[in-house]
Amino acid sequence: MAKKQEWVEDSVGLNKRDRIIKQIAYNLILILVCIAVLYPVVWVVKMALTPNELAGIGGDTSQIQFTLDNFKHVVLNQNQNGDYLFFHQLANSVIVSAITTLIGVLLACTAAYGFARLNFIGRQMGLQAFLVTQMFPGVVMMIPLYIILGKLGLTDNVLGLVLVYSVSALPFCVWNLKGYFDTIPKELEEAAIVDGASRAKIFVTIVLPLARPAIAITALFSFMTAWNEFILAATFMNNEINYTLPVALKQYVGAQSVEYGYFAAGAILVSIPIMALFFALQKHLVGGLTAGGVKG
Amino acid sequence: MAGLTLKNIIKRYGNAEPTLKGINLEIRDGEFLVLVGPSGCGKSTLLRSIAGLESITSGDLYIGDTRVNDVHPKDRDIAMVFQSYALYPHMTIRRNMAFGLEVRKMPKDEIDRLVAEASQMLGLDEYLDKLPKMLSGGQRQRVAMGRAIVRRPKVFLFDEPLSNLDAALRTQMRVEIRRLHKKLKTTIIYVTHDQVEAMTLADRIAVLSGRDKEYGTKNAGYLQQVGTPLELFQRPVNKFVAGFIGSPSMNFLDAKIEVRNGKKCVALEGWDAIDLTQECADAVKEGQELCLGIRPQDVILADASHPANMHVKVDVIETLGWECHVHFKYGANQFLAVIESQKLADIKEEQEVGLYVAPEVVHLFNHDEHGTAIAHGGGIKAAKPASSEGDPHFTALNEVIASVNEEVSDAK
Ligand SMILES: Nc1ncnc2c1ncn2[C@@H]1O[C@H](COP(=O)(O)OP(=O)(O)OP(=O)(O)O)[C@@H](O)[C@H]1O
Ligand SMILES: [Mg+2]
Chain A
1 MAKKQEWVED SVGLNKRDRI IKQIAYNLIL ILVCIAVLYP VVWVVKMALT
51 PNELAGIGGD TSQIQFTLDN FKHVVLNQNQ NGDYLFFHQL ANSVIVSAIT
101 TLIGVLLACT AAYGFARLNF IGRQMGLQAF LVTQMFPGVV MMIPLYIILG
151 KLGLTDNVLG LVLVYSVSAL PFCVWNLKGY FDTIPKELEE AAIVDGASRA
201 KIFVTIVLPL ARPAIAITAL FSFMTAWNEF ILAATFMNNE INYTLPVALK
251 QYVGAQSVEY GYFAAGAILV SIPIMALFFA LQKHLVGGLT AGGVKG
Chain B
1001 MAGLTLKNII KRYGNAEPTL KGINLEIRDG EFLVLVGPSG CGKSTLLRSI
1051 AGLESITSGD LYIGDTRVND VHPKDRDIAM VFQSYALYPH MTIRRNMAFG
1101 LEVRKMPKDE IDRLVAEASQ MLGLDEYLDK LPKMLSGGQR QRVAMGRAIV
1151 RRPKVFLFDE PLSNLDAALR TQMRVEIRRL HKKLKTTIIY VTHDQVEAMT
1201 LADRIAVLSG RDKEYGTKNA GYLQQVGTPL ELFQRPVNKF VAGFIGSPSM
1251 NFLDAKIEVR NGKKCVALEG WDAIDLTQEC ADAVKEGQEL CLGIRPQDVI
1301 LADASHPANM HVKVDVIETL GWECHVHFKY GANQFLAVIE SQKLADIKEE
1351 QEVGLYVAPE VVHLFNHDEH GTAIAHGGGI KAAKPASSEG DPHFTALNEV
1401 IASVNEEVSD AK
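In order, the protein sequences belong to chains A and B. Quick note on our numbering: the first sequence kicks off at 1 and runs consecutively. Quick note on our numbering: the second sequence kicks off at 1001 and runs consecutively.
Don't take every hint at face value.
Claimed, not checked - Straight-line distance between alpha carbons at most 25 Å, and here's what the computed PhoX-like set of lysine-lysine pairs gives:
#1 B:K1185 to B:K1074
#2 B:K1154 to A:K201
#3 B:K1133 to A:K283
#4 A:K46 to A:K72
Treat the hints as calculated values from the structure; they're not laboratory data. If you're wondering where the values come from, they're calculated on a predicted model, not measured in any experiment.
Build out the structure end to end from the sequences listed, making use of the hints.
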């Protein structure tokens, strides 16, 4: 065993000291990168825990005080009618994002499978059309979308947002999933056909389980698109009670003053669900699901 | 179980030249038919057409007495073993085998019974709860076969199932397939590149032709000959089959029929000439130009009782152990012979030697694009009576067949 190790070292051509130096260098770089990435996060957490009056950029840093008042303020914020706004807005965000994800994944899976496996007129055109829509940022389509939603009576309505978000996330989802379906060997499906399975059965029992990582990514992407979107939501929603969280968050950054403490606390609260979702989906983000199926 | 009938099957992909240009073939119930042909000639295409994974451009395909052109693959009652195994990677071995039965709504205990039976037959018992990726190539291959067996289909289709295995495993699997056929007696169509597989497994071999260097795709996409392994070996209908069956490939030399000492013979370089058997002599005219075919194994070094009728120069000697591949220069041509190593003891490269080619091992072909056979010397059996030590490759072939048969009956 020891012999073998030696040989490996030799083959790399480095002696022990060089390797240690290399290790230290790597770790130093990694630590620096970590600091650079984590510093803003730590800062936001600190701001969120500092009383709002002291949290600002010009705030007094000489005394360190911890408090949960900022969170309390953000969560228990009420409007004139006594509605707890945060909970309404949280519900809006969750509903919009969840339905967008559901629609996005359902439609994208089926559409992508069609594009990947079936031969029909307009297949290539359709795929390209999807790509073209991605060239225009949502903002460009804001006014037409506003008019359309107005005609449908869906302004100031979460359903309107769901519709807009699903439509704008779909092209990416379809492309992403199609790309993955293309990597699933066709023979697997042919074997299933010969085994006597119908298209639908094959889709559900063979293709979807194998596409799990791509579906997880697609779901995460859809959810995040809807969860983080600001401009369209701010434009289409007029009543505070219909806001989604990013729009609500913006309120703390006013023209005259910035409520840093509240903003930071809100930002953390908004991020938690995304992190939770990410951890929940993480176990599906594995490679090599098709390993062993076909010899390659 | 059922036989198959293929009537003038044509398959064209898009607007290209058809890949299959009219396949006519009758496969008997319970027959083991091996399909061979050069790479890209359409073997997989034919198999996939029979399975229903590709639609047939024209022609009729019957399984038993039913025309199945428009029958969905799942209703054709065939099972296919893919060249790439195509196991469902996310299912255990057990579910892989059971899938086809589950889809067909077979009762659970019946499924369990069939899977257990098949896994026992293939020695897969201990792997039933593993995933395909945990198995070796040979084991996966057996799972693929198990998946086909449990279905008890009318017809098995095998597409080069052993092509990715190493030599030892291949030999072992070959025997297993043979055993399987003996036991199940199901019609099998089997595609392979391997000469030994084709020879040992087949009841009959069908040879499909592909692109040709000289004539392009003109002759491609037709069945050239269908027959028992020895028929194809001894009496190939044309140059293509003659060159394709047998390894190493048959030598072809341009030659002319002459009459010497009042007898017709094939004249070659210099004064070399090979006598003809009655059958050959009757089929040719004096002065006819033709193509002479000689298998490398049919050539022997000249000695006192076998006077030289070809004078060649040794080019390269490749030693394979018991035998050698000896490449000769013959005029402007190359000529290959397989000769026992011990007989080559005092022969060196660049040396001139005499070879003896018996009239019985001669194959004569037309000089045209089809290279149709004119006549055959009568075959290796006739060339050397069974009592003598025997022709090396014929014995080798027989040995393989015998050993397979032996192992099959041992196992029973
Ligand atoms: N889906 C397809 N579309 C167009 N052409 C195809 C398609 N599949 C096969 N071909 C063509 O048909 C011909 C025969 O292919 P096929 O796979 O049947 O050959 P094969 O005899 O099985 O070859 P191999 O021994 O290499 O497996 C090839 O020239 C190939 O280019
Ligand atoms: Mg093939």
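Results of checking the hints against the structure:
no., hint, result
1, B:K1185 to B:K1074, "21 Å, holds"
2, B:K1154 to A:K201, "24 Å, holds"
3, B:K1133 to A:K283, "19 Å, holds"
4, A:K46 to A:K72, "16 Å, holds"
Consistency with the previously given hints is maintained throughout, with no hint failing.
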